[in-house]
Structure formats: C-alpha cells, structure tokens
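> The lines below spell out each chain.
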Amino acid sequence: MRDVAIISFAQTQHRRAVRELNEVEMLMPVLVDVVAKAGITKDRIDFVCSGSADYLAGMAFSFVMTLDGVGPWPPISESHVDMDGAWALYEAWVKMQMGDVDVALVYSYGKSSPGNLRRVLTRQLDPYYLAPMWPDPVSLAALQARAALDAGVVTETEMAEVVAASRRAALSNPSAQLRGEVEASSLLSEEYFVAPLRRHDCPPISDGAAAVILAADDVARQLCERPAWIRGIDHRIEPHSLGVRDLTRSVSTEQAATHAGVDKDKIDLAELHAPFSHQEVILRRALGLGDEVAVNPSGGALAANPIMAAGLIRLGEAATRITCGAADRAVAHATSGPCLQQNLVCVLEGE
Amino acid sequence: MPELILPARLQGIEQVRSFRAPARLDYQFTAGLATTRFLRAVAEKRLVGQRCPKCQKVYVPPRGACPTDGVPTEEEVELAHSGTVTTFCVVNVQFYGQVMELPYVSALILLDGSDIPIMHLIQEVPYDQVHMGMRVEAVWVPDDELGPTLESIKYFRPNGEPDADWETYKDNV
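Residue numbers (the working numbering), protein chains in the order written: chain C, 1 to 351; chain F, 1001 to 1173.
Source of the hints: derived by calculation from the structure; they are not laboratory data.
Predicted model, so just to flag it, every value in this text is computed and none were measured.
Each hint should be verified, as a subset may be incorrect.
Unchecked claim - Below, computed lysine to any residue pairings styled on SDA-like, alpha-carbon distance capped at 25 Å:
hint : chain 1 : residue 1 : chain 2 : residue 2
1    : C       : K42       : C       : Q13
2    : F       : K1054     : C       : D46
3    : F       : K1054     : C       : Q13
Stated by the list, open to error - Part of the chain C face toward chain F, derived, beta carbon under 8 Å:
hint : residue
4    : E20
5    : E25
6    : S77
7    : G115
Beta carbons are placed, not taken as given, at the ideal position from N, Cα and C, and that holds for glycine.
Use the sequences and the hints to build the structure in full.
See the structure below:
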C-alpha cells in the first residue's frame, strides 16, 4: 500500500442560508484556502474529486459549474461522486494507490437552502414503496431513536448530554453554526419535535463547503511537517429497506472499523458524523470507543451539517488535530443515507 | 411478460400493475453576486460581463469565476448590444411549453467585447437567411417592461453591417 496523508483542510463558516452566493462563489474561497494552506500552487494537483448532490440544487449536473472554481484548463483529471465528500476522498485515495497521482484535491459542498431539505431528502429511499409516503430524514431518525430507546441502547439523558457536549465543543470552532453552554437537564425540559427527538437532537440545516489536499509518500513529507497519514480506510453499506436492518446498531460501521484497523492501537480522538444525537451513541458503540476518547472536539454534525460536506469535514477536523500535534491517532467517520445506512471509517496517524 | 403466479390466498385479487407517485419539489434559485449584478444591469438595459485577470477573457453572463483559470473575476466590462452569430439552429419541432411560431432560429451570439456567446432568438429575417458571421443587434422590450431577465431582450435582428470576419469568432464555434 502507498502511504497517503491529509496535508491541508479548509471549510466555510457554515450558515443556515448563504443567500447571496451561488455554489461556485461559496466554494471558491475554500479552494483558494486549502491550496494555500498546503503551500502549493494549483498546477501541483494531479487529480480532483468532488462530492455533491444535484437534488440539493434542484439542477442536473450542478457540480459541473463548481469546476469553474478549480480552473479545468488545460484539461484536468477529475471525477465526482453524488455522495458526501468523504467518499470523494476515498476515490482519490484509491486512485493514489495506483501510483500516478501524488497530490489530489478533494472538495464537497452542500447548499440546502434553495429547497425544503426535509422534503428533498425524502427522495433518497426507493421510489416504489416508500417514496409515496414522503419519509423525511427526521421522521426516519425518530423511528431509529425510538427503537434504540426501547432496546435500552440509549437513554434520552445520554442524547441530551451528546447535544450539550457538541454545543460546548463548538465554542472553539469558528466554522460551527450552533454553539453555547447548555445543560443536558434544561435540554430535556424542551418539547418533542418529532418524538422522541427534540429539535436539538436534530442537526441544523446548513449551507457550506469543505476541501482537503491529499499527498502521497515523500511528497506529503516535503509539503507538510506532520502529515495525517491514512492508515486504514473502509466503507460498508446496509440495505436501503429499513425493515431488514437492525436500526439499534450500526453493523456497517462495525465492519468498516474492523477493516480500517480501528482497534489495532489506542485512539486519542474521534470525529463522528452523527447528524442525530442518538446516532453518536450507536456509533461510539460500533467503533468500540471508550470514555477516554475525545469525541467530536469540533462539535460534530450537530454543530453544523452541510449535507455532502459534513462527512469530509470529520476527516479534515481529525487530520488537523494530528497535523498540529494535538493527537497521534484519530478515527474519522462519515455516514450517508437514512439512519446510518452507509458508513466510512478512516484511521489517521501522525509520525 | 410472464403471468404472475400468486399464492392461493391471493388468487382472485386484482393485481396491481402500476401506480403513480407524483413528486414536486420547489426551489429558490440563487443567482449569486456576479450573475445578480448582470441581471440588475439588464433591468437597466445594459449588458455587463466580467474579465478574467489572468487570461483576459470576458464572460457573460458572469458567474464570478473564470472557468478556464479558476480565479475570481471582479472587473466589470460594459458590453455592446450588437454581436455576431457564431452558430445557430432552425427549430422545426414542437415541444411542450412552446411559444414561438415554427420554424424559428435560436442562435449563439458573441456580443462585441465578450469571449463567450449567449443564446438568444434571431427575428426580423427569414429563417433560411440566418448564417454564421451575421451581425445582429438586440431588440429590447419597452422600458416599462424591463426586468432582471434575459427576456428583457425580445430577440436579436440583423443590423445591416457586413458579415464578421471568421477570425473574429472562430474560437467560439
């Protein structure tokens, strides 16, 4: 295997609605920032891979327009996934394993504000049996939370503690959308939104973008004092029919964690892409993380959840903490689909 | 298609062979800073592009970035209301929502001073006389009907100038 590392990370300050900018205008400062932080010029980039969703923009091939921000001339080697940018990073990592790419740019963005996000995301299930019911992600997550509560996997107090920890951690994250000092006990006194979820158990709706530079072997060592090496990366998917899944655990995360080698050594911190509070508890369990592991020092997806970028941001946040020396070994996780359907796990290490 | 064979308890029940699940999602389009400035100018009967600081090309309508160099475009450039037909299409086929009488001509027009053509209609000339290199000018709607939309230009028509030299538009066909 070729050693590949995250050497640079940039993101927007995520907001509920970026009304004044189109997608490429929102993305461009992030691309400029990530390239500058890597200490390179754009001509060093051998491969570009992006992640986004046409459904958010309501426009076919909407991602093509954001290539204006990359400058694809003379023609570049480029790819796109209609998924979170974490999977674009995975594609770039695979491509780098083949040997002819030393530096890759990965970016993703999500502008949820043009449409009604809960209605837009009803389209992610099968169009025959479920689509006519317009099942939105909050309602589906509420079903999962109910199942987890009933099974004793999680308590409402634990869910509120996850939210309070996220708000507190986000105080030191300038990109976060929601932050503050709140007590779990006061969160529990709030009314249900979609029972058993309260509004704070759900992620904010965010517009935002993120980008990462990957570099291989000696190129990474030249460009970065302390690269965040990808020591293991794997992703697994579960059936999209909710009825055949055990929603109270995340089997795909467990499998991806095993293949990524999470349990081979001690973990200092974890950035988990858990848009709903109960999902963080399910994921901690699936990854075998003990209380000594700092979870979501950035605040996680409950602090800002730009769809299609929130997973890539977990990888970037974890890598940044390794690069700056605050951690030696971190796990980053990204999810996609309703109720943690698909999960990517990445182990990052400093040298 | 082979007949479905149902279990005994379901036989005699009318089979579902299809159903409709209509979906409708509404979106608010965000023009962005650059295109907003372009559309506001159109409402004032002006055409405004943006120049790339690197390759010097002028883009219209501008989207805030040079699609070649990937750098922000900030310098605004006032464009003429005349231009050159680079390519065109004679539309002969009815389609849903059609408002034009057939046949009509849809063309790519390279506005003078710009480096990328816009699409618009060519009128006031028989469709079979439209050709590459033809010089045309914008015909605007009355001032009280101007708005932030390219429909503020009703169409383009020949302006009587001799055909443009191929060299002036060969990069845009």
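> Now tell me if each hint is right for this structure.
Structure-based check of all given hints:
no.	hint	result
1	C/K42 to C/Q13	23 Å, holds
2	F/K1054 to C/D46	21 Å, holds
3	F/K1054 to C/Q13	28 Å, violated
4	E20	6 Å, holds
5	E25	5 Å, holds
6	S77	15 Å, violated
7	G115	5 Å, holds
Of the numbered hints stated above, those contradicted by the structure are hints 3 and 6, listed in ascending order.
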